[in-house]
Amino acid sequence: MTGTRGPVPVMAQANGPSGDLNLELLHKLETQDPLQTQDAFPHISQAEIKGVLDRLSSRLMVTYTTHDSELVALTKEGQQICDEGSHEFKVWDVVRKSGRLSLKDPALATPQAKIGQGNAFKLKWIKKDGDSLVPIVTDSVTDATQQLLQEVNDHKTMSDPKLLKDFIKRKLVTTQKVITYTVQKGPKWAKEIPVEAKDLTADMLQDGSWKTATFKPYNFNALGEPQNAGALHPLNKVREEFRKIFFNMEFIEMPTARFVDSGFWNFDALYVPQQHPARDLQDTFYVSDPAEAGPPGPDPSADVALDAMTNTNSTKIKLDYEKYYANVRAVHQDGAFGSIGYRYPYNDAEPRRLVLRTHTTAVSAYCLHRLAANPGPVRYFSIDRVFRNETVDATHLAEFHQIEGVIADYGLTLGGLQAFLQLFFDKIGVSPLRFKPAYNPYTEPSMEVFGFHKGLNKWVEIGNSGMFRPEMLLSMGLPADLRVYGFGLSLERPTMIKYGVNNIRELLGHKVDLSFIENNAAVRLDKD
Numbered sequence: 002m003t004g005t006r007g008p009v010p011v012m013a014q015a016n017g018p019s020g021d022l023n024l025e026l027l028h029k030l031e032t033q034d035p036l037q038t039q040d041a042f043p044h045i046s047q048a049e050i051k052g053v054l055d056r057l058s059s060r061l062m063v064t065y066t067t068h069d070s071e072l073v074a075l076t077k078e079g080q081q082i083c084d085e086g087s088h089e090f091k092v093w094d095v096v097r098k099s100g101r102l103s104l105k106d107p108a109l110a111t112p113q114a115k116i117g118q119g120n121a122f123k124l125k126w127i128k129k130d131g132d133s134l135v136p137i138v139t140d141s142v143t144d145a146t147q148q149l150l151q152e153v154n155d156h157k158t159m160s161d162p163k164l165l166k167d168f169i170k171r172k173l174v175t176t177q178k179v180i181t182y183t184v185q186k187g188p189k190w191a192k193e194i195p196v197e198a199k200d201l202t203a204d205m206l207q208d209g210s211w212k213t214a215t216f217k218p219y220n221f222n223a224l225g226e227p228q229n230a231g232a233l234h235p236l237n238k239v240r241e242e243f244r245k246i247f248f249n250m251e252f253i254e255m256p257t258a259r260f261v262d263s264g265f266w267n268f269d270a271l272y273v274p275q276q277h278p279a280r281d282l283q284d285t286f287y288v289s290d291p292a293e294a295g296p297p298g299p300d301p302s303a304d305v306a307l308d309a310m311t312n313t314n315s316t317k318i319k320l321d322y323e324k325y326y327a328n329v330r331a332v333h334q335d336g337a338f339g340s341i342g343y344r345y346p347y348n349d350a351e352p353r354r355l356v357l358r359t360h361t362t363a364v365s366a367y368c369l370h371r372l373a374a375n376p377g378p379v380r381y382f383s384i385d386r387v388f389r390n391e392t393v394d395a396t397h398l399a400e401f402h403q404i405e406g407v408i409a410d411y412g413l414t415l416g417g418l419q420a421f422l423q424l425f426f427d428k429i430g431v432s433p434l435r436f437k438p439a440y441n442p443y444t445e446p447s448m449e450v451f452g453f454h455k456g457l458n459k460w461v462e463i464g465n466s467g468m469f470r471p472e473m474l475l476s477m478g479l480p481a482d483l484r485v486y487g488f489g490l491s492l493e494r495p496t497m498i499k500y501g502v503n504n505i506r507e508l509l510g511h512k513v514d515l516s517f518i519e520n521n522a523a524v525r526l527d528k529d
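For reference, each letter of the sequence shown is one residue, going 2 to 529 in this note's numbering.
Please note: incorrect hints may appear among the correct ones.
Said to hold, decoys possible - The list that follows gives simulated cross-link-like pairs (lysine to aspartate or glutamate, DMTMM-like), each with its CA atoms no further than 20 angstroms apart:
1) Lys172 with Asp161
2) Lys123 with Asp144
3) Lys455 with Glu493
4) Lys428 with Asp200
5) Lys166 with Asp155
6) Lys192 with Glu31
7) Lys428 with Glu493
8) Lys455 with Glu391
9) Lys317 with Asp304
10) Lys238 with Asp69
11) Lys115 with Asp144
12) Lys51 with Asp69
Since the hints were made in silico from the structure, they are not lab data. Owing to the predicted nature of the structure, the values given are computational and were not obtained by experimental measurement.
Whenever a hint applies, use it, and build me the whole structure from the sequences.
This is how it looks when you write it as structure tokens:
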């Protein structure tokens, strides 16, 4: 059809009911100009007529004006009163016919009869005599309610606004908005619609048909199809806000691309005893294939990332991983660097076991050992996923995110760590904080960090912290006067506090509502 010239009938251009309505409207407008749609099409919805009018008016074939009106319609109860009489009339009628009606009569037991009884009292049609009702008016009464509803039924309107409001409140009538249109012939009036080309084609340019072709007009008012755009998970939104806070505090992001790590970096380098319950199957997920890693050594991908962020060259960094492994082994088995050690036979198979990392502190240990080649003040952080074989409940998951931070400098104290954590959480609006003494194999002293959750109405643990033990740092080859803060914080729990989520499973996992992800703001952290 592209490029065809000349007009064609409407029926040839549009199939189905809308095409028939196009043709019918144009034919009626030929003899009725202007045309009232409510009279010409009493049984067709105005929404369908509006679509036809927009289609024709966009081609300037017709013009139309819109009329809004409000009609009054009877409800089911209103229609019943219109046909049979009001409740008060029915009560008066039954009392009049009996002459004297007991208040316990079944005719007065219905809800409608109770309403009618009260209205009949107000109108002074009946009165109470002892435990019975007797009529005051015995000949006839005017049922004004029925008459008004009959007028509404005939004319679909009510002139008294106060009375209309009262009838709506009594659920006798409802109002309905009605839209109708007045249609007139437009500047390009015709009884048929020309074929419209949707695109300008090469054939039309070659044969010159584009000069006389009628092109379909653009509808710039159309909303178009809704787009199913992606949305960041609230945890990722909050994660990005945490990253900005760390970068503003001059931290360097550690590479955490590996979820699987060796037992050496995950446990032994952090001096978690080989008999510690955390290394049991009920607390840790072990990898079965492959089950073991090689001896500790450099991680090329991590080194490349660290080179880019610290302006260093890993090819020039010389680290003795065999000596470091021997130092760790010595501290565990015999004690060294001021530590008496655990004094048990060290099992060299344990460090080679592959695990789903239980914390990102394994990455911190790798970066601190790398720092030994060029010691000095530095700030590292990471935000990534960790795995623990825990029982899932409202505040615990087996798979969650950990915010890891390390600050290496000279002259650090425990009070400085508390001040830093308070400053850090103030920036994300989590306050107040509480600190509780704790035990970690690789930090001393150690503290758990708690924030108050208003939804749960209790203090919730949001992190762990401490100062790395001397034997951990000295065995890496770091200077004796260099001290290091370490803190591991939860990403989910501060987010729960800020979003008002009481169950962590509604934030991460299969129970998360997609609308929760799509509709939440990019940042929900309140900062001063």
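Right, here's what the structure says about each hint:
1. Lys172 with Asp161: Holds, because 16 angstroms separates the two Cα atoms, which is no more than 20 angstroms.
2. Lys123 with Asp144: Given pair Lys123, Asp144 holds - Cα atoms ~13 angstroms apart, limit 20 angstroms.
3. Lys455 with Glu493: Holds, at about 15 angstroms.
4. Lys428 with Asp200: 56 angstroms, violated
5. Lys166 with Asp155: 19 angstroms, holds
6. Lys192 with Glu31: Holds, at about 8 angstroms.
7. Lys428 with Glu493: Distance ~17 angstroms between Lys428 and Glu493 Cα, so the pair holds.
8. Lys455 with Glu391: At roughly 25 angstroms apart (the allowed maximum being 20 angstroms), Glu391 and Lys455 break the hint.
9. Lys317 with Asp304: 11 angstroms, holds
10. Lys238 with Asp69: 46 angstroms, violated
11. Lys115 with Asp144: Holds: Lys115 and Asp144 sit about 17 angstroms apart, inside 20 angstroms.
12. Lys51 with Asp69: OK: Lys51 and Asp69 at ~13 angstroms, within 20 angstroms.
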